[in-house]
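Numbering of the sequence shown is given in the working numbering, commencing with residue 28 and proceeding in unit increments.
Be careful, since some hints might not be right.
What the hints assert, rightly or not - What follows is a set of in silico ranges between Cβ atoms, one per label pair, in the way DEER data are often shown:
id : residue 1 : residue 2 : range
1  : A283      : H399      : 38 to 46 angstroms
2  : E197      : L265      : 41 to 49 angstroms
3  : Q173      : P139      : 32 to 40 angstroms
4  : K250      : T303      : 28 to 36 angstroms
Said to hold, decoys possible - 27 angstroms max Cα-Cα, derived BS3-like pairs, lysine-lysine:
id : residue 1 : residue 2
5  : K251      : K106
6  : K250      : K263
7  : K251      : K83
8  : K106      : K75
9  : K82       : K359
10 : K106      : K83
11 : K263      : K75
12 : K274      : K263
13 : K359      : K284
14 : K284      : K263
15 : K274      : K284
16 : K75       : K284
17 : K336      : K359
18 : K263      : K251
19 : K106      : K336
20 : K250      : K106
21 : K82       : K106
Hint data in this document are derived by calculation from the structure and do not stem from the laboratory.
Glycine included, each C-beta is placed from N, C-alpha and C at the ideal position.
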Amino acid sequence: MADTNAVNSQAEPQVTMRESSQTIPESSDENEPVFIDPDLEFIQTLRKRGVDTYKKCMQCGTCSATCEISPDFEPFPRKEMSWASWGMKERLMADPDVWLCYHCNDCSTQCPRGANPGDTLAVIRQESIQHWAFPRFLARWVNEPQSILLLLGIPTALLLLALALKVPIEEALGIIPRMGDRIVYPYSSVFPHWLLISFFLFFSFLSLGLGMIGIGRFWRAMKKAFPPDRYAAPGKGLFQSTLVTLKNIFTHDDFAKCNKSFSRTWSHMSVFFGFTALSLVALWIITGRINPFMQGDFVYPFSFLSPWKILANVGGIALLVGIGLMIVDRFKIKEETSIGNYFDWMLIATILLIVITGYATEALHYYRLEPHRHLAYFVHLVLVLGLILYLPYSKLAHMFFRTTALIYAEYSGRKAELSKTEIAIQENAEQNTDQSTTEPQAAAAKAANS
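Could you put together the complete structure from these sequences and hints?
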């Protein structure tokens, strides 16, 4: 027995835990000890955010077998569940597979232990946003319910400051209303067009720039921890990877492969295209002065029957429908998975309030109610500004991170591994179909011969 134990101790690498938060080294030799340095603060963070169920994971692999888009090579989310149990934060923060998951919860509903791998990966993505964010304290505020008043106060103060400086700036720059414009019951007496455009463009570009800093950090971490030569399948060029990813995003190809929560595909598409419609309308308004397609005088606000007003209203309805479906979906599967945490509901509530205040502003404008329409418009602008300011730090930052991870998956060859798995699944299905067709035929032939 002693000899057997000695052999086993030589054949298996020793695993040692140390209470620190250093980067986890790779094992270079199967007989070399692997030192795992768990990040205990990260483990506590997972627990505080409501996913302590991941400790129930027994590494059976049901989650990876259930997932339609998990590859055969290093499948997810099984390995992510293992890394989370060991507190391997640095490994998870650089893992592109975390972002290839769409949180359909097929894995969570099939897990025999109730470990909720889908919710675990969602919280890991939340932590990843905060980890790579710049500046990081803003991401921390967005994650804290006690900071809600502060988060509302910042865009409110900025907008009030801009309105206070309106007259001095107009006098200094000699800005006067354009006499050729036909403005119907305007908002410009309080919210001039030039001020809103310059104000929101500045903070939009600022938010985009800060988001790109976080994305750059994430990209470098992925290349270091999961280099392209890690995967056997060849990758694509960066430009081609970007085009393929954008096509995937617009068509929701991967999202549509979810089985248990297929309705989430429609809710997400509704929100996505609702945002797209409203963004197109905003772009048309911003470029109204220089837009070569704009015929005649610039008339704003748009009339109710204006094609752009119709597109904006349809986009708002799409957002309402999508958000409503998201809320219903969360409560429909609450017995099998969680209904989300503060991070999730903060974004849902913000989008919902933006749409409601937008429609309220429109209705009050048509009824010519003063000063109600201006107050509603002010609240609407504060919420929109908050959405823009906190875009790199809220759940909406998944637009940055998931897009980047998908591009890297194409670039590194990881997505090709996924495609190979999909082909294998399809071939197996075809073989099963062929067998189910040929077996009755063979039985009939055998009966005829007998």
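Here is what the structure says about each hint:
Taking the beta carbon of each, A283 and H399 are about 43 angstroms apart, inside 38 to 46 angstroms as hinted. The hinted range of 41 to 49 angstroms is satisfied by E197 and L265, whose Cβ atoms lie roughly 45 angstroms apart. With their beta carbons about 38 angstroms apart, Q173 and P139 fall inside the hinted range of 32 to 40 angstroms. Here the CB-CB span from K250 to T303 is close to 31 angstroms, well matched to the stated 28 to 36 angstroms.
Distance hint between K251 and K106 is fulfilled; the C-alpha atoms sit about 18 angstroms from each other, no more than 27 angstroms. Pair hint K250 plus K263 holds up; C-alpha atoms about 15 angstroms apart against a cutoff of 27 angstroms. Restraint check for K251 and K83: not satisfied, since their Cα atoms lie roughly 31 angstroms apart, outside the 27 angstroms limit. Distance hint between K106 and K75 is fulfilled; the C-alpha atoms sit about 22 angstroms from each other, no more than 27 angstroms.
Using a Cα cut-off of 27 angstroms, the hinted pair K82 and K359 holds, with the two alpha carbons roughly 25 angstroms apart. Distance hint between K106 and K83 is fulfilled; the C-alpha atoms sit about 14 angstroms from each other, no more than 27 angstroms. Taken as a hint, the K263 and K75 pair is broken in the structure, with Cα atoms around 40 angstroms apart against an allowance of 27 angstroms. For a cut-off of 27 angstroms, the pair hint linking K274 to K263 stands: about 15 angstroms separates their Cα positions.
Taken as a hint, the K359 and K284 pair is honoured in the structure, with Cα atoms around 19 angstroms apart against an allowance of 27 angstroms. Between K284 and K263, the direct Cα distance comes to roughly 23 angstroms. Compliance with the 27 angstroms bound is thereby established for this hinted pair. Taking the CA atoms of K274 and K284, the gap is about 16 angstroms. The hint holds against a cut of 27 angstroms. Among the hinted pairs, K75 with K284 is inconsistent with the structure: their alpha-carbon atoms are about 31 angstroms apart, more than 27 angstroms.
Between the alpha carbons of K336 and K359 the distance comes to roughly 34 angstroms, so the proposed pair goes past 27 angstroms and is violated. About 18 angstroms separates the Cα atoms of K263 and K251, which keeps this hinted pair within 27 angstroms; it holds. Under the criterion of a C-alpha separation no larger than 27 angstroms, the hint pairing K106 with K336 is inconsistent with the structure, at around 49 angstroms. With a C-alpha separation of about 19 angstroms, the suggested pairing of K250 with K106 holds against the 27 angstroms cut-off.
Using a Cα cut-off of 27 angstroms, the hinted pair K82 and K106 holds, with the two alpha carbons roughly 13 angstroms apart.
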